[in-house]
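Chemist: Below, each chain spelled out in residue letters.
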Amino acid sequence: MSALVAARAVRRSRARLVTIVLLGAVLVIAALSLAVGAYSVSLPDLLATLAGQGNSKNEFIVLRLRLPRLTMAVLAGLAFALAGALFQALLGNPLASPDLIGITGGASVAAVFAILVLGLSGFAVSGFAFVGALVVASTIYLLSWRQGIAGYRFVLVGIGIAFMVQAALGYLLTRADVRDAQGALVWMVGSLSGTLWTEVAVAAISVGVLVPAVIVLAPKLRMLQLGDDTARGLGVRVDLSRVLLLAVAVALAAVATASVGPIAFVAFVAGPIARRLVPGTSLVPSALVGVLLVSTADFVSQHLLPGGVQVPVGIITGAIGAPYLLWLLATRRSRGEA
Amino acid sequence: MTRRTLGLVVLAIAVLAVVFVSLAFGTRQISLDAVFAAIIDPDLSNNDHAVVRDLRVPRTVIGLLAGAALGVAGGIMQGLTRNPLADPGLLGVNAGASLFVVLGITFFGITAATGYVWFAFAGAAVATVVVYAVGAGRGGHATPVTLTLAGAAVTAVLTSIITLVLLSNLETLNQYRFWSVGSLVGRDLSTVVVLLPFLIAGFALAAVVARMLNVLALGDDVARGLGQNVSLARVLAAVAIVILCGGATSIAGPIVFVGLVVPHIVRRFTGPDYRWVLAYSFFVGAILLVLADVVGRLIVQPTELEAGIVVAFLGAPVMIALVRRSKVGVL
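Line by line, the protein sequences give chains V and R.
Take 4 as the starting number for the first sequence in this note's numbering and just add one per residue.
Take 7 as the starting number for the second sequence in this note's numbering and just add one per residue.
Isolated chain R, as found in the complex (with noise of 0.2 Å):
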């Protein structure tokens, strides 16, 4: 077994040690007992069964699923971009599904986080195809640097037009502060089974194009003279990105960090090869999100701290060790 594939073992091992985790510990105190017959054996009348079925079961599969999608839809955007420090949010993803959820809470009145699901993923795809079709510019070749400036110029017009709903709408920020954090909680089910089938046809698409990523990552004069069709690898990564980055942000609000530091920390396990950066970065981000959700159940108890937080608070001390300790590379 190679170092790689016995590394990815590892990472499943503990995503099952996360998940265990997970479902045993929080605000409160559940026996083991308690939760294992919860999951195999429910009793509906008793309380603490309740607690893990309808809240821990969500949150934990929310939590994996929006880390996974994260973690793969970052290392597409870095090949994308040719940028390492691209996050998938810079295709104006999170720009556009934040922009949609405020107008859903200002002007249908949505209030609960299930209700701002849709208006997350299609803004999030609005802003996508704006932000392509930019950085494609008149002659519909996108290259990295018009791509990332044009996301960067979307993210900006987009956040100008929140900030001034947010300004003259007290009730709209008040609900939208809570949702913009990222958070597992308050979502159920229901709503994860509808995203379901996007998040797998993400992913399926995402092993696709981690094989034209390597050829894109050559140039593309070289692409293209290896016979890679670099305009239609472009477009597939790009809505791998929208459909796994969209997704994750309609059920858990828009979480930074996991897409942008996820991929470059795994890229010094893995080397360059985008196959394994997306195979690892599905494991880590999963890891990695579901562990700041449960952090933030105990660490300022009674009360919580949402995972959106956690997961700066707990990721970047580990990202600025990691690039303390590496060679100088380069950009």
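Just chain V, same shape as in the assembly (with noise of 0.2 Å):
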């Protein structure tokens, strides 16, 4: 028993550390995003300007040009992260992402409708991408509803919606022109250039929102993890903390994906990273490891590619975060740690 208490005060204190590196090195990547550029800011003015007293250029440039992109990382990180990591723990499948299961497809057919056949931008695209994730995540829903949702059914539902979503973006881009086809591309790559205040209030209002409700639900959800009979033996109304969670999640993952597009692969890798760092399903680091890997991501598209050449970021997210997971995943000592 006392190697029990053990094991856990060592987790607990591994958990801590993960924690406090990872948000150092966001912020770290967030000082450097915000100072370095074709125009370079020093600490001290980057500091005097964030405290309100810099002067009018450096004002505009960090506070009106790259805080709000940062910013906008930072919110796209998370929400992602969190959708990926609470799909991945409910329904019990690494693969279970949001991108998998169809929803952030959703977002994009809607968007890339509205690029394509009504010739719509900014604003307008992001509230179609929404309401096709939304659209996608109900019908799924229904879909999935027999005297409850299993798992399991949520799942292969989604599937089956994915891959007609896949088919319909197959359609609309090989019945397009080229070059409208191209833009839409850039949609669907994910983009935080050209971020604005706005498009940041919306989204951070949102998460602002949902963040709570993730930490209100998430000791449900360490209890669903343990089976449904065991939760709803220590009290747990097993199906509407369900729904809850999946709405909470489907939630983060379509506001995430209506404001940036839909950038790849943070979703699915943010949860197995973090329980590589941490054993177990741990949010905080998932969440963590999604605002690190897009601002990364954000800060490599833009400064450190050969030639200066500046790409959508979700090209780049792609490109770090897989071959750190591979690294991972060749290197683990035994075969023991799946």
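Note that these hints are calculated values from the structure, not bench results.
Heads up, the beta-carbon is just placed ideally off N, CA and C, and yes, glycines get one too.
Fair warning: there could be bad hints in the mix.
[To be verified] Stretches of chain V that chain R covers, calculated by requiring three or more beta carbons in the stretch to come under 8 Å of a beta carbon on chain R: (1) 88-99; (2) 155-164; (3) 186-199; (4) 306-319.
Hints in hand, dock the two standalone chains.
Modeler: Here it is as structure tokens:
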């Protein structure tokens, strides 16, 4: 028994350490993102500007151009990562991220339809994406409802919908003019360039509502993972808790996708990476991994590519997140750690 | 005759039926007499005969082969990863094939579907080797979870590169988008003939692997206790997947759905025995893909819908209906 307590203490202190390291890394990337660029700002100037004491040029560059973009990266990373980790934990399958079950795909189809067929842009496209994600999620939900929601049925119905959504995307992209198709592809990759404060505000309010909901529901999630019967025995209303958790996860994915496009891989990878840093399902490290991944990817996409080229952030998240996961897999010590 | 054997006979008859439908129906109205004449006694100057022989026969053959290969590969993949959600593309096959096709278009100026075949096949093989090596880790032991994660991660890296090329090269995007939806049109039989030995070898290997998958399904420790060489079984399964899924992708493009859904649905009728799952998947995959191609010819006349698009729109509702009807299973 005392060994168990000791093991738990080790795990808790490890979780704390990982959290602190991740937070530190996020702060470093954030400072770099705000300071570095075609016009660089020194650290004292940066701090002064953030405190409202900077000159007008710094204020414009840091507060108008760079801070909204960074904030959006943080919000999107947080939302995607939490959505992915919640889905994976709820449905008990590492493949069950919102990309796989068609929710971000639904957002993509709606957005690509808005771009290619209706010729819309900007906020209107985001609106379409948000509605698309919610429509797909509620369709999955309604179709998989049969005296309750079983995680297994939800995932399979979601996969079916995802296939249809993918086919619709293929149809739209092959029938459009190739130039328009390329424009739609940029949206589908996910991009943070030209983020405005108004967009950040919408995302921030949504995430600000959803994150407390996750915090309230997290203990229920932990009990659900013990199995439905155990959870019921512990006094959890299983169906209601599961529905609420799914709804929150869907909303997070929808908000993030509508704000920045379906940035690849963040939702899928944040949970598994966090699990390798801290064993077990840990939402806080997952969220921090997501934030770190998106903000780092955005920094790389703006400043670190050869020849000074800039690419949409969604290209980089896959290109840096995936090798890291691969490295973790390739160097794992024993086969027990899966 | 047992229920499962009877089912196989029914499926074999169904295959013949869809082959007939595929030869007989299309955008061009051709009488049944002319269709039979085109097969048995072709007249080179007759346009109807030419349509049947040069267009409908190749796409039917390709549909049968690719569908069967994807179905079987999917069944093996789900056994290999012990994940009923696994798609044969998950080993990196589709992403590797797509990347090589994109590079082939961009740097070698290849424009025809037949020209993509070897690029796609090579890409599928390279990607799978990488996925397997990473999934196996330093200890050399691949587990279902690490294979799944490694496959998804490699796919993500390759997709990033593909997207980067597509965003910077309009002409490549233009070619690639038509290949990537998956289609049976514009391929000729000579390429199929070259790939046929590979596919046959793949099916033969699948027959060998099926028994091993049954043992693996009991868990690695039990499998070892029963004298099964677990690592060898996994490698053989992976090789079969590359050959089958890589072969199908290289002739028909990265068609999704068939590989994931067919074995999943088939399992309801056959039970968990992989010998039956793979045999049923062979037939059902072929039927599904050919049928999708026929529907694609008929619903938006005078143009056509690609088989890869139709198969999802046709198959997904069926899949959802089956999922809804079934009792809650284990994931």
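Chemist: Give a verdict on every hint.
Modeler: Results for each hint:
Here's how the segment 88-99 of chain V fares: 6 of its residues keep a CB closer than 8 Å to some CB of chain R, so the rule of at least three is met and the hint holds. Counting residues of the segment 155-164 of chain V whose CB falls under 8 Å from any CB of chain R gives 8; the rule of at least 3 is met. With 3 residues having a beta carbon nearer than 8 Å to a beta carbon of chain R, the segment 186-199 of chain V meets the requirement of three or more and the stated coverage holds. Coverage of a stretch by a chain is defined here by at least three residues with a beta carbon nearer than 8 Å to that chain's beta carbons; for the segment 306-319 of chain V and chain R the count is 5, and the condition holds.
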